[in-house]
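K.L.:
Knowing the structure of chain A, use the given hints to seat chain B on it.
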Amino acid sequence: MNRVVVTGMGIVAPNAVGVEAYRRALCEGKSGISYTSQMKELGFGCHVAGVPDISKQTANGYFSPELLKNSNASMKYAVIASVDCWKDSGLPSRHPDSGVDWRTAAIIGTSLGGIDTIGESVVPETNAGRARRLGSSAAEKAMSSCASACVGGLLGLGGQVTTNSSACSTGTEAIVGGFWMIREGRSDRVLAGSAEAPSVYTWAFLDSLRVMTRSSNEQPQAASRPLSASAGGFVPAGGAGILMLESLTSAKERGAKIYGEVLGGHSNCGGQRNGGSITASNPEGIQRCVQETLEVTKTKPSEIDYVNGHLTGTGGDAKEIRCLTAALGRRLSDMPWVNATKSLIGHGLGASGSMESVAVLLQMAHGFLHPSLNCEDFHPEIEELRPRVPEKSIPWNSRFALKTSFGFGDVNSCVIFKRWEE
Amino acid sequence: MSRDEVRKAYLELIRSYIRVEDPSIINESSLLVNDLKVNSTRFVDIILETEDRFSISIDDKEMERFDRVGDAIDFICEKKKLAA
Numbered sequence: 025m026n027r028v029v030v031t032g033m034g035i036v037a038p039n040a041v042g043v044e045a046y047r048r049a050l051c052e053g054k055s056g057i058s059y060t061s062q063m064k065e066l067g068f069g070c071h072v073a074g075v076p077d078i079s080k081q082t083a084n085g086y087f088s089p090e091l092l093k094n095s096n097a098s099m100k101y102a103v104i105a106s107v108d109c110w111k112d113s114g115l116p117s118r119h120p121d122s123g124v125d126w127r128t129a130a131i132i133g134t135s136l137g138g139i140d141t142i143g144e145s146v147v148p149e150t151n152a153g154r155a156r157r158l159g160s161s162a163a164e165k166a167m168s169s170c171a172s173a174c175v176g177g178l179l180g181l182g183g184q185v186t187t188n189s190s191a192c193s194t195g196t197e198a199i200v201g202g203f204w205m206i207r208e209g210r211s212d213r214v215l216a217g218s219a220e221a222p223s224v225y226t227w228a229f230l231d232s233l234r235v236m237t238r239s240s241n242e243q244p245q246a247a248s249r250p251l252s253a254s255a256g257g258f259v260p261a262g263g264a265g266i267l268m269l270e271s272l273t274s275a276k277e278r279g280a281k282i283y284g285e286v287l288g289g290h291s292n293c294g295g296q297r298n299g300g301s302i303t304a305s306n307p308e309g310i311q312r313c314v315q316e317t318l319e320v321t322k323t324k325p326s327e328i329d330y331v332n333g334h335l336t337g338t339g340g341d342a343k344e345i346r347c348l349t350a351a352l353g354r355r356l357s358d359m360p361w362v363n364a365t366k367s368l369i370g371h372g373l374g375a376s377g378s379m380e381s382v383a384v385l386l387q388m389a390h391g392f393l394h395p396s397l398n399c400e401d402f403h404p405e406i407e408e409l410r411p412r413v414p415e416k417s418i419p420w421n422s423r424f425a426l427k428t429s430f431g432f433g434d435v436n437s438c439v440i441f442k443r444w445e446e
Numbered sequence: 360m361s362r363d364e365v366r367k368a369y370l371e372l373i374r375s376y377i378r379v380e381d382p383s384i385i386n387e388s389s390l391l392v393n394d395l396k397v398n399s400t401r402f403v404d405i406i407l408e409t410e411d412r413f414s415i416s417i418d419d420k421e422m423e424r425f426d427r428v429g430d431a432i433d434f435i436c437e438k439k440k441l442a443a
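Here the protein sequences come in this chain order: A and B.
Numbering of the first sequence is given in the working numbering, commencing with residue 25 and proceeding in unit increments.
Numbering of the second sequence is given in the working numbering, commencing with residue 360 and proceeding in unit increments.
The shape of chain A in the complex, shown without the other chains (with noise of 0.2 Å):
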């Protein structure tokens, strides 16, 4: 059974693009959240959000000129993130006359893959009898897809490229494929992660579901609030992050740089029973999703000695806590580390595993842990924890890192990340 590892990290978060800014950002704790006027001007209850600051010149130095007319915003942010991470791995530059690259697969999931497309393109000319007008790039954008066809074809890979979707779990869940494509040979490297559009038509229907913030409208920096007793919703959010998963052997033979080791994960439902539902997780789903991770892992809990829990700024934060301590074994008091990006980021959605997951090896490789914002009004039900959260970036060698993600359809991914030993 091969060992995994991340040889390349690439990112595209609403705090900063590229993973050295992202560093920076996550260390300074940095907030990637702001107004945006277009949300109050059609109506929503939320007027704020995370959303990468990509300019012309930074896409230009990415794409073809006919490659950026046919992309959409996730499509955009994967190749980014992707053509990043393949850079940071140190692999040969790839170009259209390049080979097939055979041994290298991509898992790179989205929860609403092209909907900006179809909002903005798809459906106004298609009511419009205009069908015939939408032209070659509208399949290509619109479909699910999308992200991980354009990264497949741009670096010509030759393994299984594929999208999955699985709500806001998405981003763990591409790693943990990723890890078993890996661990069972069947690919040497796997491009995973995914990626998010920043799109309204995502946003409304979060809006109507009262699942985003509404009370800090003015005040952007302070509305994403994980752990906060005045948390009221989450704020929405865009990105990309994308991990080259590679086999131990085929990093040492080419004498790649190690981020880290990807021990392992697991993914499962909580079959929407037992105080789950479409939008709240069982809390046994959670708990045996964390023990399961833990068992093919071989770690024991007392390892663990840090947590990037989901953790999104809802209600749903108190919940997540009792059934992290629950599946630990531990006390609020004894739990390992714990913050929440999502409290810099914002909630990308079918992004947010992705983006997260690059943060936790970016602390582990640099031996500190990021702020968690906004929580100075702890939340009451969970207090004992507060000491376990950092306010301010601090400095933790991270052995063990467990990484949680929770999405809608009661469907739960972790992961657990080990800082690289020879």
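Just so you know, these hints were derived from the structure itself, not from any lab.
The C-beta atom is built at its ideal place from N, Cα and C for all residues, glycine as well.
Check each hint, because a few of them may be wrong.
Capping the alpha-carbon separation at 30 Å, the derived lysine-lysine pairs in DSSO-like fashion look like this [what the hints assert, rightly or not]:
1. Lys80/A to Lys93/A
2. Lys420/B to Lys396/B
3. Lys442/A to Lys54/A
4. Lys439/B to Lys420/B
5. Lys442/A to Lys343/A
6. Lys322/A to Lys343/A
7. Lys93/A to Lys438/B
8. Lys322/A to Lys442/A
9. Lys54/A to Lys322/A
10. Lys54/A to Lys80/A
11. Lys420/B to Lys93/A
12. Lys367/B to Lys343/A
13. Lys367/B to Lys440/B
14. Lys324/A to Lys276/A
15. Lys396/B to Lys438/B
16. Lys367/B to Lys80/A
17. Lys439/B to Lys396/B
18. Lys440/B to Lys80/A
19. Lys396/B to Lys111/A
20. Lys420/B to Lys80/A
To give a feel for the contact side, a few chain A residues facing chain B, derived at Cβ under 10 Å [unchecked claim]:
21. Glu90
22. Lys93
23. Pro116
24. Gly295
P.N.:
Same frame as chain A, but now just chain B:
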């Protein structure tokens, strides 16, 4: 609009779709896909852009006239009733 003007405008229109190193090889006998390496998926976009640029409509059967550059220019002129 003269044929020369149509020719100039059409060559300008297809420029962003052409994938050959040396654009000077383009002539009226060039085939879009085989000679100029236009991605065949984008063929429909050239048709739509041509409709917009020259204010004409092109039905599915007429799209065959766009395989070769010179034929496309002649077709546009016919549609606009210009002398070739």
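K.L.:
The structure should be examined with respect to each hint, and the outcome stated for every one.
P.N.:
Comparing the hints with the structure gives:
1. Proximity of Lys80/A to Lys93/A is assessed by CA-CA distance (about 12 Å); at most 30 Å being required, the pair is judged to hold.
2. The suggested pairing of Lys420/B with Lys396/B holds, with an alpha-carbon distance near 22 Å, which does not exceed 30 Å.
3. In summary, the hint linking Lys442/A to Lys54/A is supported, as the alpha carbons are separated by about 25 Å, within the 30 Å threshold.
4. For the proposed pair Lys439/B and Lys420/B, the alpha carbon gap of about 18 Å is at most 30 Å, so the pair holds.
5. Under the criterion of a C-alpha separation no larger than 30 Å, the hint pairing Lys442/A with Lys343/A is consistent with the structure, at around 26 Å.
6. With a CA separation close to 26 Å, the supplied pair Lys322/A and Lys343/A stays within the 30 Å bound.
7. Distance check on the hinted pair: Lys93/A and Lys438/B sit about 29 Å apart at the alpha-carbon level, within 30 Å; holds.
8. Simply put, Lys322/A and Lys442/A have alpha-carbon atoms about 12 Å apart, close enough for the 30 Å limit, and the pair holds.
9. Of the pairs offered as hints, the one joining Lys54/A and Lys322/A is violated, with about 35 Å between alpha carbons and a cut-off of 30 Å exceeded.
10. Between Lys54/A and Lys80/A, the direct Cα distance comes to roughly 23 Å. Compliance with the 30 Å bound is thereby established for this hinted pair.
11. For the suggested pair Lys420/B and Lys93/A, the alpha carbons sit about 27 Å apart, so the restraint of at most 30 Å is met.
12. Between Lys367/B and Lys343/A, the direct Cα distance comes to roughly 67 Å. Violation of the 30 Å bound is thereby established for this hinted pair.
13. Straight-line distance between C-alpha atoms of Lys367/B and Lys440/B comes to about 17 Å, which keeps the hinted pair within the 30 Å bound.
14. The suggested pairing of Lys324/A with Lys276/A holds, with an alpha-carbon distance near 28 Å, which does not exceed 30 Å.
15. Taking the CA atoms of Lys396/B and Lys438/B, the gap is near 26 Å; set against the 30 Å cutoff, the hint holds.
16. Restraint check: the Cα-Cα separation between Lys367/B and Lys80/A comes to about 29 Å, which is no more than 30 Å; the hinted pair holds.
17. With a C-alpha separation of about 28 Å, the suggested pair Lys439/B and Lys396/B falls inside the 30 Å cut-off, and the hint holds.
18. Distance check on the hinted pair: Lys440/B and Lys80/A sit about 41 Å apart at the alpha-carbon level, beyond 30 Å; violated.
19. For the given pair, Lys396/B sits about 28 Å from Lys111/A by alpha-carbon distance, which is consistent with the 30 Å threshold.
20. Of the pairs offered as hints, the one joining Lys420/B and Lys80/A is violated, with about 39 Å between alpha carbons and a cut-off of 30 Å exceeded.
21. The beta carbon of Glu90/A comes within 7 Å of a beta carbon in chain B, closer than 10 Å, and the hint placing it at the interface holds.
22. Look at Lys93/A: its Cβ gets to within about 8 Å of chain B, closer than 10 Å, so that hint holds up.
23. Of the supplied interface hints, the one on Pro116/A is violated, with its beta-carbon coming no nearer than about 22 Å to a beta-carbon of chain B, more than 10 Å.
24. A cut of 10 Å between beta carbons decides the hint on Gly295/A: the least distance to chain B is about 43 Å, and the hint is violated.
Checked against the numbered hints given earlier, this structure breaks hints 9, 12, 18, 20, 23, 24; the rest are met.
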